[in-house]
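Undergrad: In the UniProt record's numbering, the protein residues as written are 1 to 49.
Note that these hints are calculated values from the structure, not bench results. Please read all numbers here as calculations on a predicted model, not as lab measurements. You may find that some hints are simply not true.
[To be verified] Okay, derived cross-link-like pairs now, DSS-like style, lysine-lysine, Cα gap no bigger than 25 Å in a straight line:
1) Lys47 / Lys32
2) Lys23 / Lys6
3) Lys43 / Lys23
4) Lys47 / Lys23
5) Lys43 / Lys26
6) Lys23 / Lys3
7) Lys43 / Lys32
8) Lys3 / Lys32
9) Lys26 / Lys6
10) Lys26 / Lys3
11) Lys6 / Lys32
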Amino acid sequence: MSKQFKCPGCGEEVNEYPALSRKDNKNEICSKCGVREAISIFKDYNKST
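Assemble the whole structure, with the sequences as input and the hints as a guide.
TA: Quick look at the structure:
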């Protein structure tokens with residue numbers, strides 16, 4: 001069962017299984033913010049290659 005928490009990324013109340021932030025590998029964030037972080041890292045990686 002997932003606990004309810006406030007996402008530090010977007011501020012939304014979330015009642016789903018959290019994602020782990022890729023920025024610090026500590027904070028639990030909502031799934032939407034997790035996808036945003038992953039896409040951002042992917043885009044930055046592709047710019048450098």
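Undergrad: With reference to the structure, classify each hint as holding or not holding.
TA: Structure-based check of all given hints:
{"no.": "1", "hint": "Lys47 / Lys32", "verdict": "holds (23 Å)"}
{"no.": "2", "hint": "Lys23 / Lys6", "verdict": "holds (17 Å)"}
{"no.": "3", "hint": "Lys43 / Lys23", "verdict": "holds (15 Å)"}
{"no.": "4", "hint": "Lys47 / Lys23", "verdict": "holds (18 Å)"}
{"no.": "5", "hint": "Lys43 / Lys26", "verdict": "holds (22 Å)"}
{"no.": "6", "hint": "Lys23 / Lys3", "verdict": "holds (22 Å)"}
{"no.": "7", "hint": "Lys43 / Lys32", "verdict": "holds (17 Å)"}
{"no.": "8", "hint": "Lys3 / Lys32", "verdict": "holds (17 Å)"}
{"no.": "9", "hint": "Lys26 / Lys6", "verdict": "holds (15 Å)"}
{"no.": "10", "hint": "Lys26 / Lys3", "verdict": "holds (16 Å)"}
{"no.": "11", "hint": "Lys6 / Lys32", "verdict": "holds (13 Å)"}
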